[in-house]
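*Asks:* One-letter residues, chain by chain:
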Amino acid sequence: MAKEAVEGELNIDPMHQFDIKYFFDIDLGIANMGFTNSALFAFIAVAAIVVFLWTAVSGHSLVPSRMQSVAEGIYEFVRNMVRDTAGDEALKYFPYIFTVFIFILACNLIGMIPYSFTVTSHFAVTVFLALSVFISVTVIGFLKHGTHFFSFFWPAQAPPALRPILCIIEVISYLARPISHSIRLGANMMAGHAVLKVIGAFAGASALLVVPSIVGVVGLTALEVLVAVLQAYVFTILTCVYLNDALNLH
Amino acid sequence: MATENTSLAEGAADAAAHSSGGMPQLDFSTWASQIFWTALALFVLYKILNGSILPKISGALEDRHNAIADDLDKAAELKKQAEDAEAAHAAALASAKADANKIIAETQAEIDAELAAASAEAEAEIAARTAESEARIGEVRATAATNAKAIATDTAQAIIDKLAPGLADKSSIEAAVARALSASGVAK
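Residue numbers (my numbering), protein chains in the order written: chain A, 1 to 250; chain B, 251 to 438.
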């Protein structure tokens, strides 16, 4: 790492904030499963969600308190998203989709706190999330439709000559789903934080840049909060779309 | 330095990755740990949410939904009751009006009948009395005529007896009186 920053010189290391730091090691030989800052912030996110939602619902009144309204708003928002996108049948998967949504949302938003760590800025996490969706959805598709699920890749309405080619394209695009699904979230979070870091670092380079840098960081922070919420939403609605494809085969 | 915090096992690889200024995201040595702990965190979160929090939220929403539906039902029922009451009121009013009209009509008919009977009776009495009066008038007239004849005859006989005694012829006097009376219109 470029630790020895020279005074007054533009020395930016925007990727440093993404370093994985081990608090302790659990060496299994093939991999170190040690507890890291990423794991810490994942559990901070879980704790924050549980504390927030638990406080919100513990009152449980007919006329909701403010926090209860927020919790119910998020609940109904995700529930409506699942039902509108994937139909009533998909509602049995709602708890997992809600969990994924609120986990990503919490990780993204906690990542906006200075000196915190953004769990979702790592592809390991987003690939895991996207692959679990991809594998679950594929399994659900096969469980529901059996081998008929393959018809999903066969464009029966297309001209006969084009069908094999389109079929290959369909398969490739299906297999590309977890890649775009995970990179979209991870890259958005990473890029946003890296840009914030770069703009912020300008302030250290020259006294003239301090004010524009602060203005830029404030504006970008607002934008990043929006992106944090939006990417959680995008990830979740894509999950619903994939689930809809598996359940209803277009 | 990041290398201080990374494990000894991956120390060399990490140092290489980091010193090259690469992305920590592409340091695959940390993937297993990240995935494991993320999966664990997600599992724990899923268990807590699915186990108690989500049912609580859906319960609260359902309770509210039911309460609103109940209130709406109650309101609809009360509205129906109000409408029924209004209809009953209108029906009562209508039947009362009909009764009143009936009573008025009956009373009117009764009065008319009584009136007709009374006037018929009165007319009959008038007719009877008229007839009676006429009879009496006729009687009086007949009596008067007879008396007048007798008086005239007696008077005429007395006058003749005084003027020319013995000349009086009763039947010719009577005929002359009857002639004079009928000429004056007293007797027919």
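A portion of the hints provided could be inaccurate.
Pairs of lysine-lysine, DSBU-like flavour, derived with a Cα cap of 35 Å [as the list claims (entries may be wrong)]:
id, chain 1, residue 1, chain 2, residue 2
1, B, Lys324, A, Lys21
2, B, Lys330, B, Lys347
3, B, Lys324, B, Lys297
4, B, Lys412, B, Lys399
5, A, Lys21, A, Lys144
6, B, Lys297, B, Lys330
7, B, Lys352, B, Lys324
8, A, Lys144, B, Lys306
9, B, Lys347, B, Lys329
10, B, Lys420, A, Lys144
11, A, Lys92, A, Lys144
12, B, Lys306, B, Lys329
13, A, Lys92, B, Lys297
14, B, Lys306, B, Lys324
15, B, Lys324, A, Lys92
16, B, Lys306, A, Lys92
Since the hints were made in silico from the structure, they are not lab data.
Note that the coordinates shown come from a computational prediction; the quantities given were computed from them, not determined experimentally.
*Asks:* For each hint, tell me whether it holds in the structure or not.
*Replies:* Hint check:
Under the criterion of a C-alpha separation no larger than 35 Å, the hint pairing lysine 324 of chain B with lysine 21 of chain A is inconsistent with the structure, at around 62 Å. The straight-line distance between the Cα atoms of lysine 330 of chain B and lysine 347 of chain B is roughly 25 Å, inside the 35 Å bound, and the hint therefore holds. At most 35 Å may separate the alpha-carbon atoms for a hinted pair to count; lysine 324 of chain B and lysine 297 of chain B exceed this at roughly 39 Å. Of the pairs offered as hints, the one joining lysine 412 of chain B and lysine 399 of chain B holds, with about 20 Å between alpha carbons and a cut-off of 35 Å not exceeded.
Restraint check for lysine 21 of chain A and lysine 144 of chain A: the C-alpha separation of about 43 Å exceeds 35 Å, so the hint is violated. Proximity of lysine 297 of chain B to lysine 330 of chain B is assessed by CA-CA distance (about 48 Å); at most 35 Å being required, the pair is judged violated. Using a Cα cut-off of 35 Å, the hinted pair lysine 352 of chain B and lysine 324 of chain B is violated, with the two alpha carbons roughly 41 Å apart. Our distance criterion of 35 Å between C-alpha atoms is met by lysine 144 of chain A and lysine 306 of chain B, whose separation comes to about 30 Å.
Under the criterion of a C-alpha separation no larger than 35 Å, the hint pairing lysine 347 of chain B with lysine 329 of chain B is consistent with the structure, at around 27 Å. Restraint check for lysine 420 of chain B and lysine 144 of chain A: not satisfied, since their Cα atoms lie roughly 155 Å apart, outside the 35 Å limit. Restraint check for lysine 92 of chain A and lysine 144 of chain A: the C-alpha separation of about 14 Å stays at or below 35 Å, so the hint holds. Between the alpha carbons of lysine 306 of chain B and lysine 329 of chain B the distance comes to roughly 34 Å, so the proposed pair stays at or under 35 Å and holds.
About 15 Å separates the Cα atoms of lysine 92 of chain A and lysine 297 of chain B, which keeps this hinted pair within 35 Å; it holds. With a C-alpha separation of about 26 Å, the suggested pair lysine 306 of chain B and lysine 324 of chain B falls inside the 35 Å cut-off, and the hint holds. Restraint check for lysine 324 of chain B and lysine 92 of chain A: satisfied, since their Cα atoms lie roughly 33 Å apart, inside the 35 Å limit. This hinted pair checks out: lysine 306 of chain B and lysine 92 of chain A have alpha carbons roughly 16 Å apart, not beyond 35 Å.
In terms of the numbered hints stated before, the structure departs from hints 1, 3, 5, 6, 7 and 10, listed from lowest to highest.
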